[in-house]
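Engineer: These are the residues of each chain, in order.
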Amino acid sequence: QKEVEQDPGPLSVPEGAIVSLNCTYSNSAFQYFMWYRQYSRKGPELLMYTYSSGNKEDGRFTAQVDKSSKYISLFIRDSQPSDSATYLCAMTAQGGSEKLVFGKGTKLTVNP
Amino acid sequence: EAQVTQNPRYLITVTGKKLTVTCSQNMNHEYMSWYRQDPGLGLRQIYYSMNVEVTDKGDVPEGYKVSRKEKRNFPLILESPSPNQTSLYFCASSTPNRGHEQYFGPGTRLTVT
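Those protein sequence lines, which keep their order, are chains A and B.
Residues in the first sequence are numbered from 1154 upward in steps of one, following the numbering used here.
Residues in the second sequence are numbered from 517 upward in steps of one, following the numbering used here.
What the hints contain is simulated information worked out from the structure, not anything from laboratory work.
Cβ coordinates follow ideal geometry from the N, Cα and C atoms, glycine included.
To give an idea of the interface, some chain A residues facing chain B are shown, with a C-beta separation under 7 Å as derived from the structure:
| # | residue |
| --- | --- |
| 1 | M1187 |
| 2 | G1196 |
| 3 | P1197 |
| 4 | L1199 |
| 5 | T1245 |
| 6 | K1257 |
Pulled from the structure, derived: some chain B residues nowhere near chain A, Cβ distances all over 10 Å:
| # | residue |
| --- | --- |
| 7 | E517 |
| 8 | V530 |
| 9 | T538 |
| 10 | P577 |
| 11 | E595 |
Turn these sequences into a full structure, and let the hints guide you.
Structural biologist: Printed below as a string of structure tokens:
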């Protein structure tokens, strides 16, 4: 079993839709859970991170972590064409660790 | 502007011809890493450095070398490139205790024929 599993998609939705992106993981030591966004021909950029379990909201984006199920989600409300990108989940056991484990990324297209 | 820069952005080379991809950051970050990104395999760490003169292997270090002689620079060296090193390479940096917040460069697309 891979440490981090992420459905690669692709996912295509109409503008204004609610988008749900998910990852599962197997390592119960993971404590930091990140979502990176990668536009075409660009490097990944950190979108949100959550420490341990719970929810975190930032504008139209909500990150959820369910450690009991080893499952994390990113919700995008009122999706916009500018949200079209590849979204990568990433996890690490320690905040000071350089050892991030990435999912393979989900490619999202939001159609006008 | 805070940034990580990589050069070159695109490179086509032949098998066995040594090459270096440079990486520089202006954020005074201690941590720097190199990743490769391949379709179906995602981002995989090649090498990382926790500070000047301190480097360690990541998940896929074979065929690569790194050095960290200055805090801002972290070059990736392919001494004898092979076609299986054709990939998209990213450099990243971060601070201690915030390794989860990595700042990525724009990427270098390498093709080895």
